[in-house]
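Whole structure, please, built from the sequences with the hints as guidance.
In order, the protein sequence lines correspond to chains A, B and C. Going by the numbering used here, the residue at position 123 of the first sequence is 123; the numbering climbs one at a time, nothing skipped. Going by the numbering used here, the residue at position 66 of the second sequence is 66; the numbering climbs one at a time, nothing skipped. Going by the numbering used here, the residue at position 28 of the third sequence is 28; the numbering climbs one at a time, nothing skipped.
Honestly, I wouldn't trust all of these hints.
As the list claims (entries may be wrong) - Listed next, the in silico DSSO-like pairs over lysine-lysine satisfying Cα-Cα at most 30 Å (straight line):
#1 B:Lys958 to B:Lys85
#2 A:Lys229 to B:Lys877
#3 B:Lys48 to B:Lys85
#4 C:Lys250 to B:Lys387
#5 C:Lys250 to B:Lys291
#6 B:Lys922 to B:Lys845
#7 A:Lys303 to B:Lys85
Said to hold, decoys possible - Anything over 10 Å on all C-beta distances counts as not near chain B; from chain A, calculated:
#8 Leu9
#9 Ala41
#10 Ala45
#11 Cys53
#12 Met137
#13 Ala141
#14 Trp142
#15 Trp185
#16 Asp198
#17 Lys229
#18 Asn238
#19 Gly266
#20 Ala271
#21 Glu291
Source of the hints: derived by calculation from the structure; they are not laboratory data. All C-beta atoms, glycine included, are put in the ideal place defined by N, C-alpha and C.
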Amino acid sequence: MHPAPSIVLFTVLSGLGLGQMAWLSLGLGPDEGLFRWIACALALAVAGSGGLCSTGHLGRRDRAWRAFSQWRSSWLSREACLMVAAMAAFGLYAAIWCLGGVRLWGLGIVASVLAVATIYSTAMIYAQLKTVPRWSMTPTAWLFLAVGLTGGLLASGAVAGLIGGAVHGWWTALALVITIGVVIWWQTAAAGAVRSADGSTMETATGLGFMGRVRLFEAPHTGSNYLLKEMAYEVGRNRAFELRRIGAALGFLTPLVFSVAALLVGGWLMALALVAHVVGMLALRWLFFAEAEHVQALYYGRK
Amino acid sequence: MWGIMADGSQPKLDTSPHVSDEIRKTTCYMCACRCGIDVHLRDGADGKRVVSYIEGNRDHPVNRGVLCAKGSAGIMQHYSPARLKKPLKRTGPRGSGQFQEIEWDEALEIATGWLDPIRRSDPSKLAFFTGRDQSQSLTSWWAQQYGTPNYAAHGGFCSVNMAAAGIYTLGGAFWEFGTPDWERTRLFMIFGVAEDHDSNPIKIGIGQLKTNGGKVIGVNPVRTGYNAVADEWVGITPGTDGLFILAMVHELLRTGHVDLDYLCRWTNAPYLVDRNPGASFGLFVRDGDGKPLVWDRASGQVQPFDKPGLKPALKGDFPSPDGGRAVPVFELMAEKYLAPEYTPDAVAERCGVTAATIKRLAAELADVAFNQAFEIELPWTDFRGEKHESFIGRPVSFHAMRGISAHSNGFQTCRALHVLQLLLGTVEAPGGFRFKPPYPKPVEAHPAPHSKSRPDSPLNGPHLGFPRSPDDLALREDGSPVRIDKAFTWDAPMSIHGMMHMVIANAHAGDPYKIDVLFIYMANMAWNSSMNTAGVIDMLTDKDDSGAYKIPKIIYSDAYSSEMVAYADLVLPDTTYLERHDCISMLDRPICEADAAADAIRWPVVEPATQAEGRDVRGFQSVLIDLGARLQLPSFVDEAGNPKYRDYADYIVNHERRPGVGPLAGWRGEDGEATGRGAVNPRQLERYIENGSFFQTHIPEEARFFKPFNAAYQDWAVKMGFFDKPQPYIFQIYVEPVRKFQLAAEGHGERQPPEHLRAQVKAAFDPLPVWWQPFEQAAVSGEEFPLHAITQRPAAMYHSWGTQNAWLRQIHGQNPLYVHGSVLEAHGLKDGDWAYLISHHGRIKVPVARMDALNPHTVWTWNAIGKREGAWALDPKAPEAQKGFLLNHLIHELLPPKGDGLRWSNSDPVTGQAAWYDLRVKIEKAEAGAEVSEPRIGRQKSPVGQGSGNVAHGEGWK
Amino acid sequence: MTTLPESTQRKLGLVIDLDICVGCHACAVSCKEWNTGGYGAPLADTDAYGADPVGAWLNRVHTFEVQPPPSPTGPAPAQIVHFPKSCLHCDDAPCVTVCPTGASYKRVEDGIVLVNEDHCMGCGLCAWACPYGAREMDPLAGVMKKCTLCVDRIYNENLPEEDRIPACVRSCPAGARHFGDLGDPDSDVSQLVTERGGFDLMPEQGTKPTNKYLPPRPRDAQLGGCGGGAVNLAELAEPEVKGFLGWLDKALERIG
Ligand SMILES: Nc1nc2c(c(=O)[nH]1)N[C@H]1C(S)=C(S)[C@@H](COP(=O)(O)OP(=O)(O)OC[C@H]3O[C@@H](n4cnc5c(=O)[nH]c(N)nc54)[C@H](O)[C@@H]3O)O[C@H]1N2
Ligand SMILES: Nc1nc2c(c(=O)[nH]1)N[C@H]1C(S)=C(S)[C@@H](COP(=O)(O)OP(=O)(O)OC[C@H]3O[C@@H](n4cnc5c(=O)[nH]c(N)nc54)[C@H](O)[C@@H]3O)O[C@H]1N2
Ligand code: SF4
Ligand code: SF4
Ligand code: SF4
Ligand code: SF4
Ligand code: SF4
Ligand SMILES: [Mo]
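Dropping the structure here:
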């Protein structure tokens, strides 16, 4: 699938921001002025800019509001509604906390659940697509949840670290270890989820399997088209391997080392851990899209 | 807030939107098939009419409502940015594309200034050649009145083998003059066809035939299109169809599966052939009236062939009236094809078809022709006066096109196929191959070629015709060619369509003489319609010592900014097909059906000036008529020297070729009630328009089959004005005019071929079909050049002119070379790699792609996709110009030198048909590098600018 | 609206005969031509005369090469199959349920899957959800385009009755495209599907397409003589009378 920058940024940032919201509204982080303001603002800003990015690839941005209408059936609509609800709930929570100094645990739980549900809906936009076997697997939702929540933890840690608060290094490390596990789980499943995973092949796509082995002779047009640009993206093996290494190293291993090191060296290391994580995640999320194969490309001879 | 959709309702749709403001019916010209179209028009916001939609005309005999991809893309052609706008005068060097726009008056004055003096001194200084011209009856008439012998259309490089073989054998050809009886045929065999001119009818027919459970057999090295839907594919090796067909003939003869009754009655199989050594050896034995004789078994003596009640002998040695010996054609034929050289086993390897397959196919043909024969009960009378109760149907039909004709053995191969049809008794039989009026028409009903030119006078008759003997050749006293293209010379005696592909080379060489003006109408001769394209470009731009162009003046009419435009000195911009009058006449290439005669018109469904800013173009035919008047050509001016016709529309209505016979057959007579023959009807065009721009009249029931011999048909044809008296004839298995040329080569007669051609003429002019190895194949080493290279027409593109089309160019924007998997692998190539393709003449660099449904010794590509940078108003970086390529660079108009000091023509020795598909090549992997095709011909400047940006047709009314 | 109707009154769709489709692209271009001027935004082409022309099309014709396994008599020649493809108007259309705006919907009365272009925000998710590549974003209007089954023709009272069929069906020269109600087992199209063994594309995707494809009939060696029967090759055995010319006498006698 075409790794549109807007979508890569959207999923990474909204996941991060929402993950942070989920923790903050559960009472995580020092209950002190600077942290309140910075952490809440960061969470809202990151999630909000992620949300804005998501409109970047719309053909008709002016109609984005219509996306709130189909929550009964559409994961994308649910995601939009939940996102707004989560931000509203968290916004209220944050306002009361920052201005009033009170952390309303009831509201907090609501905001946290909404944030987690939003991440889940984002994941389901992809996980629901039977047409993209690499996404349409159980681990996909866990992947988004794990990455979002761990990112959120890192983000809170980074804010806390910078202002000299407690950074929960061990907890973060534990989350990272779990996430690494989920990532490996997803990656292992994805490796097997080629186009033919659900039995779709050029033979079933064309229905000509009864005659023999099918290959594309001529594409409908010699030039390119929306379908090819959008759904038959191809990424070189070496490039993918490189990016995956960088993604793993920056996204998880560096933060893991830094969050433990932060306990010894200083909280500010958490900020570096966050930056590394975000960069690593951008690389991995780019691959999440770029490597995903769509079954319609079978009609264009991609096996 | 978001309630509209969430409430479970669905949007209210207007399912009856307004379609258009007016429908005007005319004839498509996105190709030469000439389908009827309904052109929908809308009034734009600015009050100007826009063409909004084009669909097929359901009532039209050609397409019956359907429309092909090109036809549907007509709008994009009509609004193409490559449309020429105004007459152009060259300002830069030839080929640069630098022009100055001029007014029509100036353009016509320049043309008159060039053409008038040479007409007065030597009309042959003008060479006037037209492309796929649908107004040949006007252009040839004009050229005849001008007086130059140098006129022809594109047939010589297109499919003249098919036309010549068909007319000499059957009195009609596959090429547009006939059609399989789609409704009744059960087995259809199609040779070497990618698209053909009958684009839509063939598709309709194949669909119908297969839906009815009939079987299609495709004989073609490549399995695409019709061959892809064929129930059986014979992946023949190019150039070997003649052998393959004659091996089937062998099988049918060997096993006695031939229609003897049909052969006796309707073919010259029983004609007695003179066997007395001398000047009449091999000619028919005739009576005092010149009628060929047959041996009548009943009376035991010779009788004229057309006597009723004959029982002709098909074998035996008979005394001829002059005391010599004679043998029936049939025996000569049987002897020839029963020889071991024609057994399936003897030909199988060369054809790339197994002997078992050849035998089985022959059996299938016989099975269907004879075991599935049927009768149509309908009494009819033949030309001998014999009455028949029914028509015997033989549901086997054939069709063929350039795959067998565009070879140097094409004439005889096409003849072989016709002989096969005749043996099965299937020509003009129900279920077989049937002619479309005004065909069938025997050679005798066609003129012979004319070429006598005198200053300031018309030519002595029509340029093109059918030579009956060497006497009809266009040779001067000294034996040198009269025509610039050397048509009707010993090089190609039966070049009945002329040899347009030789014009530029000969004019450049000044051989046989120099010309002054080259006048071309709609043929992209600087690109895809020439062999050796780069060489032709050099000839067009070559200068003599004085710095003048070797071809002094070039006038060209095109509607779009093609490659050829850049090489003209004066460009006459034509309209698009929706903006002019045209006439698809029965005097020319007809659009008739097997059961009906038909003709059609085009008319300006929109006016050019309203279709784009500053558009100042004129229909070429009207311009030609104007030029004719300016040059004071007889028949274009009245006695006072005033123009006789206002424009083409006026000519279509008022011109009469013979009294009562004009360009259009419908609604003649003052009241419009006459058909075929009749006085001029001033309201004729209106009547056509009212009827959807075509006219159709049905052949009477009992006249529909066996037309050449059917008295009712002959009478109807006379009534229609096709002939002035009945012209019945029978089919010519053995072609006497061909034998006459052979006789000359054997040393008989006044006119003798030059010595270097004697052996070739002797071998090629066999009165019974023969096969020889295609010339290029024979001239180069099969080891060095192991592959055959051919092209195919894509259904969704028309030669070069489809490329300017925003829609069609998305489908075919570049062309790979298709190579068999085994060959790709042997050369270490894979899909998308680049390779060099090398012939004896040149080398091109091309992208390759795999295809296994292909004869393994063959490579191919789509025709005419590659373009010159700057042409067709495209971005010079367009894929057509960067990756697209022409095979033409590898094909030379001459064969490689044989070491005899002569250069032999790469064409059929009988007709001069360009042998496009004889090409032999080898393939080499190209080193990594720029992915652009080679050769690169420099960029031309576009006189119409570059088409830019986006297209969103329909925006205007939404 | 984005949920699918429980059932539709009719199931209009296309049946495409792969046995006779010659791959001419007529259907694709006439579809483009009708629809650029018809339902919704024009079907735009960007860089139409440039280096990378890309347009929106609702119907595209693919071409496949099929290599059958060798037959007992030897290797079988490869075959070419032309394959036009447009929206299949699925019963379980995933493109509809994913749509966040409700622009995508399946009509209750005839099962046609449509995009309400006034509501579409151009997110592209429906195109991702479609296994068949049947939806294309218009490059200029930014809204999703798809085959409308010519909903603006099939009921259009401004068109003559006989023309109330999809543009692609009307133009197809080979007669390879059929239009009708696949929900009615007695309709011509349903009959065709039954007789010829019409099939679904990618049934494993669970979309339950309405459009059906008719398979190419057996080709080449798998086939008997014309009309299906075996050719009587014995009949072509050399005549018993001495050679061909001997046979000729007999034969001529027979015809008198
Ligand atoms: N869409 C479209 N239609 C067209 C045209 C076009 O450009 N586009 N051009 C028009 C013109 S000008 C013409 S002349 C006609 C020509 O109509 P066709 O004759 O159908 O055109 P070609 O593309 O020359 O096709 C030749 C076919 O013969 C095959 N072939 C080549 N060599 C051999 C051989 O030795 N034996 C056999 N059996 N087959 C062989 C090729 O594979 C190819 O399929 O089409 C007309 N119709
Ligand atoms: N390699 C290879 N080469 C071939 C062939 C092949 O099979 N293989 N086929 C050969 C055959 S059969 C043919 S017929 C030729 C065809 O080759 P051409 O005759 O060159 O055909 P086109 O490319 O269509 O070019 C015709 C010209 O007419 C112009 N034109 C279009 N419409 C109009 C109009 O309304 N008025 C005027 N005045 N001009 C117009 C076009 O813009 C174009 O410049 O190609 C031949 N060349
Ligand atoms: S075959 Fe196509 S392009 Fe040719 S005349 Fe017919 S509709 Fe027009
Ligand atoms: S083919 Fe694709 S777009 Fe059409 S209904 Fe089925 S899933 Fe939706
Ligand atoms: S592109 Fe339009 S129709 Fe498709 S899912 Fe998005 S909003 Fe719905
Ligand atoms: S039904 Fe209409 S919209 Fe659909 S493919 Fe055919 S022409 Fe196009
Ligand atoms: S128009 Fe008919 S024959 Fe041509 S590609 Fe479409 S379905 Fe096939
Ligand atoms: Mo041609």
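Do the hints match the structure? See the list:
no.: 1; hint: B:Lys958 to B:Lys85; result: holds, 28 Å
no.: 2; hint: A:Lys229 to B:Lys877; result: holds, 20 Å
no.: 3; hint: B:Lys48 to B:Lys85; result: holds, 18 Å
no.: 4; hint: C:Lys250 to B:Lys387; result: holds, 25 Å
no.: 5; hint: C:Lys250 to B:Lys291; result: holds, 29 Å
no.: 6; hint: B:Lys922 to B:Lys845; result: holds, 12 Å
no.: 7; hint: A:Lys303 to B:Lys85; result: violated, 49 Å
no.: 8; hint: Leu9; result: holds, 26 Å
no.: 9; hint: Ala41; result: holds, 29 Å
no.: 10; hint: Ala45; result: holds, 27 Å
no.: 11; hint: Cys53; result: holds, 23 Å
no.: 12; hint: Met137; result: holds, 31 Å
no.: 13; hint: Ala141; result: holds, 26 Å
no.: 14; hint: Trp142; result: holds, 31 Å
no.: 15; hint: Trp185; result: holds, 36 Å
no.: 16; hint: Asp198; result: holds, 27 Å
no.: 17; hint: Lys229; result: holds, 14 Å
no.: 18; hint: Asn238; result: holds, 18 Å
no.: 19; hint: Gly266; result: holds, 50 Å
no.: 20; hint: Ala271; result: holds, 41 Å
no.: 21; hint: Glu291; result: holds, 22 Å
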